[in-house]
Amino acid sequence: MIFNLSLVAIGGFLGAMSRFGVSNFIKSTFPSVFPIATLTVNLLGSFLLGLCIGASLDNSWRLLLGTGFLGAFTTFSTFKLENIQLHSKRKWNIIIPYLIISYTFGILLAFLGIKLGGI
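Here the sequence shown is numbered in the working numbering, starting from -9 and rising by one per residue.
Each hint should be verified, as a subset may be incorrect.
Calculated pairs, BS3-like style, for lysine-lysine (alpha carbon to alpha carbon, straight line, at most 25 Å) [claimed, not checked]:
no., residue 1, residue 2
1, K81, K17
2, K17, K79
3, K81, K70
4, K70, K17
Just so you know, these hints were derived from the structure itself, not from any lab.
All chains, please: the whole structure from these sequences, using the hints.
Here's what the structure looks like:
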């Protein structure tokens, strides 16, 4: 049990630090009112989690990479907060594509990851 908790904690720490770095890099490189940083980490995370599942990793690797790293790397709470903020500002030209891209491509990339992981 302690070993499993440690795997999730280590993965979570690394995933959160990675999200912070990737998000800041994207925001500074591609400044935009569109939430491109959150979209990027969530789509990348969807693909990578699909890859982990498709590769049929053993439990320790799933805990470290899937639950820990990718659980912290992706950010559903920030995604929802950004949608609420865009909605309250009535930024329909941003929120509608953001929702469509996030859900459609998130699912497609997870599926692609599963398929590629199983090769």
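To see whether the hints hold, each was checked on the structure:
1. K81 with K17: Distance ~19 Å between K81 and K17 Cα, so the pair holds.
2. K17 with K79: 20 Å, holds
3. K81 with K70: Status holds; Cα separation ~15 Å.
4. K70 with K17: Given that 25 Å is the threshold and the Cα spacing comes to 18 Å, the pair holds.
Hint compliance for this structure: no hint is broken.
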